[in-house]
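Visitor: Keeping the supplied structure of chain A fixed, place chain B upon it in accordance with the hints.
Chain by chain, the residues run as shown.
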Amino acid sequence: MTEVTKSEPTGKVEKLEAEQLSTEKPTTLWGTARRRLIKRKSALIGMGILGALAVIAIFAPWLAPYPPGEVLIGVENVKARQAPCIHLLGCPADQPQHIMGIDGNVRDEFSRVLYGARLSLVIGFTTVTFAIIIGTVLGALAGYLGGWVDNVIMRFMDVLLAFPSLLLAIAIVTILGPGLINALLAIGIVSIPAYARVVRSAVLSTRDKDFVQASRSMGGSTFHILFGHVLPNSMTPLIVQGTLGIATAILDAAGLSFLGLGAQPPTAEWGSMLSAERNQVFTAPYLVFYPGLAIILVVLSFNLLGDGLRDALDPSLAMKSK
Amino acid sequence: MFTYLLRRILSSIPVLFGILAVTFILARLIPGDPCRAMLGEKATQTVCDTFIHQHGLDKPILVQFGIYIGEIARGDFGVSLRLGIPVTELLLERLPTTLELSFAAMGFSILVGIPLGIISAVRQNSLVDIGTMLVANIGISMPVFWLGLMLEYVFALLLKGTPFQLPPSGRLSAGLSPVPFYVVWGWQVTSKGLIGILDFVSRLNLLNAILTGRPDIFWDALKHLILPAVTVGTIPLALIARMTRASMLDVLGTEYMRTARAKGLTRYMQVMKHGLRNALLPLVTIIGLSLGTFLGGAVLTETIFGLSGLGRILYDSITARDYIVVQSFTVVIAVFFVVLNLIVDILYTYLDPRVRLE
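Line order of the protein sequences matches chains A and B.
Residue numbers for the first sequence follow the working numbering, beginning at 1 and rising by one.
Residue numbers for the second sequence follow the working numbering, beginning at 1 and rising by one.
So that you can see chain A by itself, here it is in the shape it has in the complex:
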């Protein structure tokens, strides 16, 4: 059944275009989107950075010169918070190379930053997946069923939105207790309303379309119509929101870790690495600078990609470009 539903919207477009421009190759929504996305420089830059980060995250054990938790006391002649030593920039060759310096617990900062990419991407994807699943179910029910179900769900979402997100996350973690899992849960919870809203409005605009009516008249169950027809056609705004949401989730997680509520030492997480060395900003600024730079890179890449996707998937813009 899913095959039929997937080809339905695109099939419609194909047929329409085939009638109008019978000599041109048929285009699909995703085909157009892909081409539009590749045309946008900022989206390409975002994808590039993201690809590099994914490579770093996957191959961290081979790329990093040291394990992230290895304390170098007795292994090498280095001191805590020693400045970076880069051979290419004139650091004597007889000294061990540490591109980003040594942290307060005598570990190689560069290795820890590389390993941090793993956690950062995991944080982004897990929280957003969690929020998308719950938000989608809530938003779809609210939009499709309407009435009091809609009212109850959306008023509750309004309440969650009434809190500044970071503050609500702080309150939740304070009560659940600090830790990475609880922090992720809190960030996931506070981002549910955004997805519920997006899905609800998409469902509202789809539920009375002809192909949905057709399925209903053929006796499709509510569940089947909702998850087989309505939701697959509400995906595009969700993808955009999700990509941008990963950026926010990573920033908020870093904020919670910075406050000591998220990842706990000795985990190589950028926010908590920054937090551990924040008082050393005047003596060892590199220990603050690099983890922050890493956060910026990953958040920036998701933001650029999200913006690009929004432009690429927006049909109103697609019309203009033709």
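Accuracy of the hints is not assured; some may be wrong.
[Unchecked claim] Some but not every residue of chain B turned toward chain A, in silico, with C-beta under 7 angstroms:
no., residue
1, 151
2, 154
3, 157
4, 295
Worth flagging that the hints you see were computed from the coordinates, not collected in a lab.
In this text, a Cβ means the ideal position worked out from N, Cα and C, and glycines have one as well.
Guide: Same frame as chain A, but now just chain B:
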């Protein structure tokens, strides 16, 4: 118009109610026995029994919720576990610092963000435009606390000894002690409530310095405010600049702008009078929504710059697991946020007559 306002105000009541319900439920989710969570592990059974009875914790949950709402309506948030003073007092003492910071940050982001956005839109694809959008993209991707630490490093250490040196922490230099304006003016105030209000106002250092005619204190307070305000204001600034640009570009393409051009208005008049006014509308929403960012940013920023505002006390309460303070501050800030959004909506009806007529 009036009915619209009334309806809008009434519609925020369920949200306020919901905020209280959420914080109430969160407080009940604290693991373990509430008495020992509040009074400490060593509390005896009799002490606990009195505590539970006093706070109505032996009553049905809905009655407890009623009591909770009643307490908050009276402005009674309970007593801080860590400091032993009423939370309301704590709040009134620390709020001015955060208010001053938020207003300064907001001023910075609006005064810099809107002009940057306008220039970027008018000179689309120019160097200014590309630069602004690059900075805006990086700005919204930056952790606030990192920016704060880096600004501290640059302005307090690297630029030390130059005229650009700025103090990295505190609200005033040591040795400066501002006198509340009502004392300087020789007011004889006896009412406790009035003293509270006057104290509150006089804790806004910049305002108090103006009222008491102390330019030296004003200048010093301003210097202390610059780095934190820039830190908190950068993310909203990036959002505002992006939004102004997008909104302005939309407006510049409209027919009435062509008319304005056709009737020979100067470029300045076209952009400022016909363009900006219409481009402002979506901006009001963005600025309203950024208020949450200001408040969230203030929490992270105050801890970095050693400012004893709401954010700082929230941070200290988190580390001490002082639930009462965390919970009440969440309520207060959420309510504050709802009220500000209400004001934004009302402002909207003023700016856009279409909203009023609906």
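Visitor: Against this structure, judge whether each hint is valid.
Guide: Now for the hints, and whether the structure bears them out:
no. : hint : in the structure
1   : 151  : violated, 10 angstroms
2   : 154  : violated, 9 angstroms
3   : 157  : holds, 5 angstroms
4   : 295  : holds, 5 angstroms
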